[in-house]
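Here are the chains, one letter per residue:
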Amino acid sequence: MGARMSSEMPGFGLATVLAVGIQILGAAFLYLILKAEGGWQVIGLLALLAAGFYLIEKRPQITEYVTASFSRVPVVALVTAVIVVVLFPFAVGNNTYVLHLLIVAQLYAVLALALNFQLGSANIPNFATGASYGIGAYVSALLAINFGLSFWLTLPAAAIAATLFGFLIGIPSMRTRDTYLALVTIAFGVVVQQLLNNFDWTGGPNGLVGIPAPSLFGHSFADPLVVFGWKLPSQANFYYLSALLVVVAIITAHRLHSSRIGLAWNALRADEIAARAQGINVAWFKVLAFAVDAFLAAFAGTIYAFYVSYISPDNFTFLVSVTIMTMVIVGGMDNIFGVIVGAFLLTILPEKLRAFSDYRLLFFGIVIIGFLMIRPQGLFPQRIRSYGESR
Amino acid sequence: MSALLEVTDATMRFGGLVALNAVSFSIGRGEVLAVIGPNGAGKSTLFNVVTGVYRPTSGQVRFDDADITGRPSHEVVARGIGRTFQTSRLFSDLSVLDNVIIGMHTRTKTGVLGALFLPGASRREMAACVETAEILLKASSGDLFEQRHRPAGTLAQADRRRLEIARALASEPKLLLLDEPSVGMDEVETDALIADISRLRTERPELSVILIEHDMRVVEAFPDQVMCVDYGSKIAEGDFARVKSDPRVQEAYLGKAAVHA
Ligand SMILES: Nc1ncnc2c1ncn2[C@@H]1O[C@H](COP(=O)(O)OP(=O)(O)OP(=O)(O)O)[C@@H](O)[C@H]1O
Ligand SMILES: [Mg+2]
Chain A
1 MGARMSSEMP
11 GFGLATVLAV
21 GIQILGAAFL
31 YLILKAEGGW
41 QVIGLLALLA
51 AGFYLIEKRP
61 QITEYVTASF
71 SRVPVVALVT
81 AVIVVVLFPF
91 AVGNNTYVLH
101 LLIVAQLYAV
111 LALALNFQLG
121 SANIPNFATG
131 ASYGIGAYVS
141 ALLAINFGLS
151 FWLTLPAAAI
161 AATLFGFLIG
171 IPSMRTRDTY
181 LALVTIAFGV
191 VVQQLLNNFD
201 WTGGPNGLVG
211 IPAPSLFGHS
221 FADPLVVFGW
231 KLPSQANFYY
241 LSALLVVVAI
251 ITAHRLHSSR
261 IGLAWNALRA
271 DEIAARAQGI
281 NVAWFKVLAF
291 AVDAFLAAFA
301 GTIYAFYVSY
311 ISPDNFTFLV
321 SVTIMTMVIV
331 GGMDNIFGVI
341 VGAFLLTILP
351 EKLRAFSDYR
361 LLFFGIVIIG
371 FLMIRPQGLF
381 PQRIRSYGES
391 R
Chain B
1 MSALLEVTDA
11 TMRFGGLVAL
21 NAVSFSIGRG
31 EVLAVIGPNG
41 AGKSTLFNVV
51 TGVYRPTSGQ
61 VRFDDADITG
71 RPSHEVVARG
81 IGRTFQTSRL
91 FSDLSVLDNV
101 IIGMHTRTKT
111 GVLGALFLPG
121 ASRREMAACV
131 ETAEILLKAS
141 SGDLFEQRHR
151 PAGTLAQADR
161 RRLEIARALA
171 SEPKLLLLDE
181 PSVGMDEVET
191 DALIADISRL
201 RTERPELSVI
211 LIEHDMRVVE
221 AFPDQVMCVD
231 YGSKIAEGDF
241 ARVKSDPRVQ
251 EAYLGKAAVH
261 A
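Top line first, the protein sequences correspond to chains A and B. So the first sequence is residues 1 to 391, counted in our numbering. So the second sequence is residues 1 to 261, counted in our numbering.
Because the hints were derived from the structure by calculation, they are not lab data. All figures in this text were calculated on a predicted structure; none of them were measured in a lab. Beta carbons: idealized from backbone N, C-alpha and C, even for Gly. Treat the hints with caution; some may be incorrect.
Claimed, not checked - Some, not all, of what chain B presents toward chain A, calculated at C-beta under 7 angstroms:
1. T87
2. R89
3. D93
4. S95
5. D98
6. H105
7. A195
To be verified - So these bits of chain B aren't anywhere near chain A, every CB distance computed over 12 angstroms:
8. D65
9. D67
10. I81
11. G111
12. K138
13. S141
14. Q157
15. E164
16. A168
17. M185
18. R199
19. R201
Make the full structure from the sequences, and use the hints.
In structure tokens form, the structure reads like this:
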């Protein structure tokens, strides 16, 4: 019964229908929840989502079958994804608030993917991703404001600066572990935030204002985006930019995960002593995880700074790091798709729960606990690598 | 030519406890050395000192004409010493195949930049690893090969042992250290293990093996060089017949532990 179904490969036609249909359904659901107003609509949609996850928890073959369908028709799946992402702002129209939420969700998806290298792949707790995010934002903002550097040049500069910071926090990870390491990263995060607060040249608690909007081929990102006569609000520029960054983050995550680097991280996650006995330089691979995390987080920080054009230390608090961590845990450790879903859910949910005013945080907590009870391993748990074989 | 591994006066203290007391021995290429001794004698500590898990309090470890005393584990593996652990240490949430591929870590070289910017090379490297790993698994046991896509944690005890050996072989070692490979095996499985090790020796005549064993049937199968350790000191050495009849060994070992011979 169950076993037979999972061993059956979906045919080409059915796989196509599934790969296209599920993505459109997913996009429709995202659209509905973004547009939902009032408590009941949100509760209804959450209940639907919970029912969906309950179903795939009880029937794991469904996930298997769907995954098999997607890998059966990779090109169709990819083209559909691109079309959905490109067309989404057209469906949203002039609702700048929804576009804003989507931009933030995408930036958080990048941050969560960044942290996933550590928390997911290597099981290293890092409460300083928010700090790397902040360093990226500040470095690029300072370069743009003080030296008039263009956005595109500040991107790599910020990434390099944050990567160096990543190496720096990584060093204690060679000697400390688990809870102690978590404390060290918390300390780093707090120190960075305090420094941003106290330096003069970072603007102190007031932060930096007047970060100029990026431009590309003469088109300023502060202007509305006009495509074939369709006029999209200026936020659409940043929507596409952050979508591009998500793609970069996914490719980075995928390439590292499927290389020997990802395996080495997984090995030290499972058993450090055994990992050493396979020739893995555990200390170095831990530091590497910190560096890669900071590198990607800095990209997200740069886009954020240029998007809101105003940053302050409050944007990069310890709480931001905790949020990113929750996204990885709820979404599914070491699962690229799961981590992105976690980031979207945890960005959008608190906004949508505003209808519950004073009970918002309580309700948010309940929803998160509820999802973790339905899917204890995260919404989309880690998968065994398959190496392109169909059995 | 000099010995492949040469341990000289290795001493390991943990606080007041002397786990190894000036132990010296050596093993040449293609040889098998069996290490026996009662529980807590210091056998596993000896492996840990050789593989760099512990840095010896004093003494020297030379391997392949280089001093490796206290070198970190990952470097020791790269130099050609593979090992298994007494209580199996598999990467249980990864597939059987991935466990073996991780064993090839020192024989592969893609770095972060390579993985990101030369994905083709990285993919080819992994494909080659999959191929080699499948050959290793097939050679180890057809049963294990069939289960290669399952998490290693779901394997039965005997298969876990086989997988640990296959993983250690994946690093193409010159010296293989097996810490009580027969633990938890029944008679049939132990016989299979003996056959596996013998086959390994014919397939790789250059490979040296050090074997910690409690099961005398296994030691009997590789009787040429046996060394007995008790309270951290080497108390006897020679072929199995000689070690077995040594009065100190009888007192230390045969008196205490149950011998199924
Ligand atoms: N890391 C350590 N810290 C303190 N004592 C240790 C440590 N490792 C081993 N020992 C002690 O050293 C002694 C030798 O231990 P070892 O594990 O080498 O024995 P063994 O010969 O392998 O025994 P068994 O046959 O039970 O595996 C034991 O008394 C053990 O408690
Ligand atoms: Mg032992």
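Hints, one by one, checked against the model:
Hint status for T87(B) relative to chain A: violated, with the closest Cβ pair at about 11 angstroms, above 7 angstroms. The beta carbon of R89(B) comes within 4 angstroms of a beta carbon in chain A, closer than 7 angstroms, and the hint placing it at the interface holds. Interface restraint check: D93(B) against chain A, minimum CB-CB distance 6 angstroms, threshold 7 angstroms, status holds. At about 5 angstroms, the closest approach between the beta carbon of S95(B) and any beta carbon in chain A falls short of 7 angstroms, and the interface hint on this residue holds.
A distance limit of 7 angstroms between C-beta atoms decides the matter here; for D98(B) the minimum to chain A is near 6 angstroms, and the interface restraint holds. About 5 angstroms separates the beta-carbon of H105(B) from the nearest beta-carbon of chain A, less than 7 angstroms, and the hint is met. For A195(B), the interface hint is violated, the least distance from its beta-carbon to any beta-carbon of chain A being 25 angstroms, above 7 angstroms. At roughly 20 angstroms from the closest C-beta of chain A, the C-beta of D65(B) stays outside 12 angstroms, upholding its exclusion from the interface.
At roughly 19 angstroms, the least C-beta separation between D67(B) and chain A is larger than 12 angstroms, which holds for a residue marked as non-interface. With a cut of 12 angstroms on Cβ distances, I81(B) falls inside the contact zone with chain A, its closest approach being about 9 angstroms. At roughly 7 angstroms from the closest C-beta of chain A, the C-beta of G111(B) falls inside 12 angstroms, breaking its exclusion from the interface. Listed as a non-interface residue, K138(B) keeps its Cβ farther than 12 angstroms from every Cβ of chain A; the least gap is roughly 15 angstroms.
With a cut of 12 angstroms on Cβ distances, S141(B) stays outside the contact zone with chain A, its closest approach being about 19 angstroms. The claim that Q157(B) is not at the interface with chain A holds, since no C-beta of that chain comes within 12 angstroms of its own (minimum 17 angstroms). With a closest Cβ-Cβ approach of about 9 angstroms to chain A, E164(B) is found to fall inside the 12 angstroms limit, against its non-interface label. Separation of A168(B) from chain A is inadequate, the least Cβ-Cβ distance of about 8 angstroms not exceeding the 12 angstroms criterion.
For M185(B), the condition that its CB be more than 12 angstroms from all CB atoms of chain A holds, with the nearest at approximately 20 angstroms. R199(B), annotated as away from the interface, keeps every beta carbon of chain A farther than 12 angstroms; the closest lies near 23 angstroms. The beta carbon of R201(B) sits about 22 angstroms from the closest Cβ of chain A, which is more than 12 angstroms, so the claim that it is off the interface holds.
This entry does not satisfy hints 1, 7, 10, 11, 15 and 16, going by the numbered hints stated previously.
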